[in-house]
Every structure is written in C-alpha cells, then in structure tokens.
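*Asks:* The chain contents come next:
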Amino acid sequence: MADHLSDRDFVRDTVTRADRARRDRSALARVARVAPWAGAASLGVAAAVRAGGAPAWIAVTALTAAALVVGAWFMALRRTIAEPDAVATRVDGDAGLGGELRSADWFTRHADRARPDAWIEFHVRRAAERMRGVDWDALYAPVRARRAWGLTVAAAAGALALALTTPVPDRSAQASALLAADELQGDVLGMLPPELQAQLEELLRRMGEGGEAGEVAEATLAELRELMENIDPAFAAKLAELAKDALESAEAAQAGEQPPNADEDMAKNTSAGLPEDVRWAIDDLAERLANASRDRQTAENNPSASEETGEMGSGSEQAASAEASAADAQMKMTREAAADPGAAKMMMGGAGAMGGDSRPGAGGNNPAANGNALDPLSIAQALRQELVEASADTKGTNVEMEDLRRKTEQGEANVGFTRVQPPSTLDRSRAQAPPIVPDSYRVLLFNYFMREK
Amino acid sequence: MTTAVAESIDLFRERFVRITREIGKRIVGQEEIVGSTVTSLLAGGHVLLEGIPGVGKTSLVHTLADVLHLNFARIQFTPDLMPADIVGTNIVQENPHGGTFFEFQQGPVFANVVLADEINRATPKTQSALLEAMQDVSVTVGRTTYKLEQPFFVLATQNPLEMEGTYPLPEAQLDRFFFKLKVEYPSEAALHQILDRTTQLADTSVERVCDGPEILAMRTTARAVPIARPVQAYAVRLTLGSHPDSPYATPLVKRYVRYGASPRAAQAMVLAGKIHALRQGNAFVSVDDVRAVAMPALRHRVLLNFEGEAEQVNADAIVGELLAGVATE
Chain A
1 MADHLSDRDF
11 VRDTVTRADR
21 ARRDRSALAR
31 VARVAPWAGA
41 ASLGVAAAVR
51 AGGAPAWIAV
61 TALTAAALVV
71 GAWFMALRRT
81 IAEPDAVATR
91 VDGDAGLGGE
101 LRSADWFTRH
111 ADRARPDAWI
121 EFHVRRAAER
131 MRGVDWDALY
141 APVRARRAWG
151 LTVAAAAGAL
161 ALALTTPVPD
171 RSAQASALLA
181 ADELQGDVLG
191 MLPPELQAQL
201 EELLRRMGEG
211 GEAGEVAEAT
221 LAELRELMEN
231 IDPAFAAKLA
241 ELAKDALESA
251 EAAQAGEQPP
261 NADEDMAKNT
271 SAGLPEDVRW
281 AIDDLAERLA
291 NASRDRQTAE
301 NNPSASEETG
311 EMGSGSEQAA
321 SAEASAADAQ
331 MKMTREAAAD
341 PGAAKMMMGG
351 AGAMGGDSRP
361 GAGGNNPAAN
371 GNALDPLSIA
381 QALRQELVEA
391 SADTKGTNVE
401 MEDLRRKTEQ
411 GEANVGFTRV
421 QPPSTLDRSR
431 AQAPPIVPDS
441 YRVLLFNYFM
451 REK
Chain B
1 MTTAVAESID
11 LFRERFVRIT
21 REIGKRIVGQ
31 EEIVGSTVTS
41 LLAGGHVLLE
51 GIPGVGKTSL
61 VHTLADVLHL
71 NFARIQFTPD
81 LMPADIVGTN
91 IVQENPHGGT
101 FFEFQQGPVF
111 ANVVLADEIN
121 RATPKTQSAL
131 LEAMQDVSVT
141 VGRTTYKLEQ
151 PFFVLATQNP
161 LEMEGTYPLP
171 EAQLDRFFFK
181 LKVEYPSEAA
191 LHQILDRTTQ
201 LADTSVERVC
211 DGPEILAMRT
221 TARAVPIARP
231 VQAYAVRLTL
241 GSHPDSPYAT
251 PLVKRYVRYG
261 ASPRAAQAMV
271 LAGKIHALRQ
281 GNAFVSVDDV
291 RAVAMPALRH
301 RVLLNFEGEA
311 EQVNADAIVG
321 ELLAGVATE
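As given, the protein sequences belong to chains A and B, one line each in that order. Residue 1 is where the first sequence starts when you use the numbering used here, and the numbers rise one by one after that. Residue 1 is where the second sequence starts when you use the numbering used here, and the numbers rise one by one after that.
Source of the hints: derived by calculation from the structure; they are not laboratory data. Among these hints, one or two may not hold up.
Beta-carbon label-pair distances, calculated as ranges [unchecked claim]: (1) R130(A) / Q150(B): 34 to 40 Å; (2) D316(B) / R442(A): 53 to 59 Å; (3) A41(A) / N305(B): 53 to 59 Å; (4) K25(B) / A82(A): 45 to 51 Å; (5) T16(A) / E311(B): 47 to 53 Å; (6) N447(A) / T100(B): 42 to 48 Å; (7) T16(A) / Q150(B): 45 to 51 Å; (8) P79(B) / V443(A): 16 to 22 Å; (9) T3(B) / V69(A): 54 to 60 Å; (10) P263(B) / T418(A): 53 to 59 Å; (11) V69(A) / F306(B): 55 to 61 Å; (12) L174(B) / R442(A): 23 to 29 Å; (13) R130(A) / R258(B): 43 to 49 Å; (14) L77(A) / T3(B): 44 to 50 Å.
Covered stretches of chain A (in silico footprint by chain B; criterion: 3 or more residues with CB under 8 Å from a CB of chain B, positions within the stretch not fixed) [stated by the list, open to error]: (15) 96-107; (16) 441-449.
All of these numbers come straight from a predicted model, not from anything done at the bench. Built from N, CA and C at the ideal position, the CB exists for glycine as well.
Model the full assembly from the supplied sequences, consistent with the hints where possible.
*Replies:* Next comes the structure, spelled out in structure tokens:
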C-alpha cells in the first residue's frame, strides 16, 4: 500500500482499504455458498419446463432472475458499512494487532479532540509500522471457491441448454390428436350441450383442415383450449366411461343378456358427475334416512324402549330379567346387613322406608309408597325436622341412636366461613409476602442489619 | 521526541520487571498478586489483600517495602485500637524554661508503605482513621493537617474465615482501595519451592531495586499513556453495568446487586489498564488491558443485596458475567 502517506493518513487509508477487501471477501464467500443452489434451482425449473412442455422463456426468465437476485445480494453485502470503530475493531482482530490498529485509527480520526502529544504520535507511528508489516492481500485474499463456481456455471449452462433445446409444440400434431379423440369419443361429444358441441366440431374441423396458419391458427387453438377448459376433466372422463359402458350394454343386449350390476352402475353414473360436496350431502341424507327407518322398526318391535338411547324397557324380556337380578341383589344385601345392626339402615336400598330413589326428582322415599313425594312442602318439612333433631341432638323420628354421637361431633365443629372484604387497591405487601428467612441465614441477617447501623 | 517515549516505556518495563523479579525471590507462586500489587502502587492506589492465614500476605508487604527502599510501618488492627494509635496524637512536652507545649507525635501512618494487618478486626471508627490518609494522603489532628510523604501506599489484609468479632469494612473505605486481591492457596509446585527456600540455608535476601522518586516517575509515565475513547467507553460500560438499573446490567447484577461500582472503579480500570499496557511495552490501552484489570478493580465495589448475601453469591461471578456480557465495541 501507499508508503508516501503520513502515518496518520496511512492508518486511515489502510483501515479503509482493508475494510473494503474484508467486505468483498465476506460477501463473495457468502454468495459462493448460495450460488450453486441458485444454479441448481434454475436447472430444476428448466427441467420442469421441458418435462411439462411449457414455453422455454420461463426457464430463461428463472435463470436470469436467480442471477439478478444473487447479484443484488452480493452488492447489498458489499455496501453494508459498519460504524468506523467497529470496522477498525474487526480489521484489527483479523490482523491480530492486539487493539493497536483500533486505538490508532480512533486517534487519527479524532485528531482535533486529542491534544498534540508525543505519546499519540509514537502510538500512531508504531501502529503504522506494524500495519505496514501486515500482508493485507494475503489476509483478505479473494475467495477461490472453484468448486462452488464450477457447479454454478455448470448448472446455469445446463438450465440454458435445456431451455434452448426445448421443442416447440407442433400444432398440426395437436390437431390430429384432437381429431382422433373426436373419433374415439364420438358418443361423449354427443352428450355435450348442442351449442358447445357445434363450436367444438367447427374448431376441430378448421384445425383438421390445417389451412390456417400463424395468428389465426393460434387463435383457433386458444379457443379450443378455452372450450376444453369449460369441460370438467372428471366429467369428461366420466363421459368416456359412460360411452364405453353404453357400447358394452349394446353388445350385451344384442347377445340377449342383462348386465349383472346395471342398477348399481346406473346409480353410480347418475351421481358421479355431481360435485363432491353434493355427493357427500346425498350420501349423508341417505344414511340418516336409513337410521330413521331402523329406529322406527325398533320402536314397533319394543314399544317401551327409550326413543333416544334404544334402552330396553320394563316390558321386554331383557328388562324383566334385569329387574329380577336387581331384586335378588337387594335381598342379598339386606340379609348381609342384618348381621350388622349399625349398618342396616345404611345398606337398605330400593323400596324400603329409608331407601332413596335414584331417579331424578324423587329426592327421598319411594313416591309410590307415601304418595306425596312430589310435594316440595313435605320435603322441606321433613328436612327441617331432621335438621332440628340433629342440631338438638335428640332422638326423633329421623335420628337414630347410633347417629347421635356423630351428629353431636358435627355440631361442635367451630370451623366457619368468614367473608372478608377484598382490598380495593393492589397492595404488594399483601400480594407478595416477604420470603421466610431460613435458620442458616440468621447470622447473615443479623450482620446485614448490623452493617446498616 | 518519540524516542523519549520509547525510552520511557522501556524504562518502565525494566523497572517493573526488576521489582517483581526481586519480590519473586521471596514470594512464590503469587506472580499475579505481586504484579497487581505493584500495579496498584504505581497507580497511586491501595490494595486490600484477602486470603487465609499463611499464604504470604504479610510477607508480600514486607518484601515490597524491602525492595522499594521505602519507609515501612505495620499496624496490627485489634478491637481496642484507637484512631490516635494510627494517625498520632498531641502530647504535652516541657521546654527547658519550665513551660509546656503540645508536640505532635506521628503515628505509624507516617510511612511510605503501611501494612494494616487484619484491618477488619478494628472498629469502624478506627478503620475510618485511614480514610483521609488513603484518599488525600494527609492526616488531620486537631486543627492541623499533616501531609504524608509520597509515595504513600496502604496494604491491608483481612482473613475471610474468622468472621467472629470482626467488623466488615464500610463501603466508603472499601471503595478507597484500588484493588482487592484474593491471595489463593499456592500450588503443589509452589509449595515445594516455599519449603526449599524457607527450610534450607537458602539466601532469601532481596535488593532494593527502586526508590521513592523512581516510583513517582513511573507513576507519571503511566498517566501519560493515551487511551482511545472507545476503549475508555468500555471501562465506563463495565462500571455502569454493575448497577442493577443500568441498561448494561447483566441478569446477575439485576438480581443480586444493591449498589454498583463507583466512578473510582472506572478510574482504577483505566489507570491500571495503562500500566498493564506499559508492562506489555505498548503505548496505548486496549480493551484487553481493561479486561485484565477489571476483576480486582470491581469485585469489592459491587455491593450485594440481602438476597445475594443470603445466597452467598460470589462477587467474582457477577464481575465475570459483566466481562462476558458487556460489548467491547
């Protein structure tokens, strides 16, 4: 680098040049990592274009766009200029100058703020001397990356070759193919709407003649494409299948036999041309109708069955057997409970005097037995009586001897609920309790407050 | 002119190496402590040495005084030590004519190198007697202020183990120490050397390689080293980062620190960084110089909150996280 400059200028100039070289190198290294992928992507696009028969200009455009993006990225990376001290720090670090370059660079850039000083002059001079000893070209040598560049060039060349050698579509061949399809699917065309059929036949005729060339032929082809797009591909395929089936049916009729699944095919063919959501709705409706029919049949066979769940009622044999087994179980439980008088009442279930009814709304004894189970006043009265007897700890109609002690203990419980008015404002002292000081910290705590004094 | 600068740097390095080499004849395995102690002396600061008994704290101070050809005084701090025992007092004297007059009897603080041994055993009142001496290099008794002779250098020692009956140094006093150095236990090889030197007929005498004026000249040299603003800004960020409400504060600082380092910490880092640079033969201060001296300059200036003290958080860990977390650019 320039040796005729003063030490200060040399330091400044060297830092600027080194930073530029560093940025170039860094940007190139990053681009070299990305470029092969961009080339490969372009090659992929070109291959897809060729395989799909799309126009070749798509591949060329993709290749050009990739090159432009990579180039723009490289320029952006190069132009990213950091704060001067950060630049000097990086260059200093790369050159291994131990902070001397960074310090000297600051003093050279802020000569007005630093008073003239022999130490600063000495510092800058020595920094310049050390910087002259650095091989900056070797430090920021250009990125080779031959393999990456080779791959990139190869991929780009391949993409270009594919794009340039993509065959131009032969319009007369397309027209012949369409005519052949017309012959094969004559019946299918017959199922199209008359005006669409007429348009299509006219176009095919014009294409078949091949008399049109240039723009006219191209316009004709575009019209044909538009018409073909109007036909649902699924519908077209189905039409072809229908034509084939019709042909087979005709042959079978001539032979005097009936196709085995003619009805099913008919039903399938009827719904096949429908959109998928409509088919699904029809299927769903059919399923629900089938379910409803099945339910109706079940209700006729078993009148007391639950309508919602299909549960067997008491009139059925299954219900009768279930009721009998429940009664047996109840008797068994009662016999077992007889051995333990204290538990006898607790174990009694079903239709006994103290037995609860599990059915909702009954809420107490068997409604059939006392006849007033649905009277809320009676229920309230009975509950109140139990409450009074229990609180008075007296033996009554509802409190047995064995329940007295338990009720007494319950009555002596002194745990209550107190409603506390919540504080209207946030108080951190309430919200966060101070941490509990462990025993091992007590000495430290003591010392802490001793120090505060 | 630049030749003079180069000569100053070389002279500084040569004297520094001579001092540390001479101290190294007696003190083994504590090269970093010796270097930091001499750095503090050359920066005009004072040192707090912390370590378990027997690792050579007092020997280091003795050796330093011997090497530097300076007056040395030792004060053994005890709970009944009074301020007058340190700074001196006025005593009544009789003149030949039968009259009486007060005469100031200088205390042990009137020396170049003062060893305050086990400083945390004296009461805060006595500890504070050193405040004026350490900060202003003067002592006021009654209405008279006495200037202390330069270089004035206080080396205090304290034992971190025996905390019963001790008085931790007040924050104001702690802040006046330039460095707090932790004297670690010597390594196995260093122990062998210690045994060889102290249990045989080896000559462990040291030479006086530097005197007071030379020390003062080295101080002047150290202060002349230029420091670029970005490097100085790093020292400032480190200091500010030790405060829990600073944007540079690290998670440990935010959680465990009550008060961060004072501006004296930044002064210590810059001055010590200059001396560190001169030791390397550099005429500039780099970020690495500041980082090298940040730990002893900051560790005693970071005051932990109760949670930090209760969990016995090490201040070194906090400073270490600061050094790792504060950006150098």
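*Asks:* Are there hints from earlier that the structure breaks, and if so, what are their numbers?
*Replies:* The structure conflicts with hint 2 only, although it agrees with all the remaining ones.
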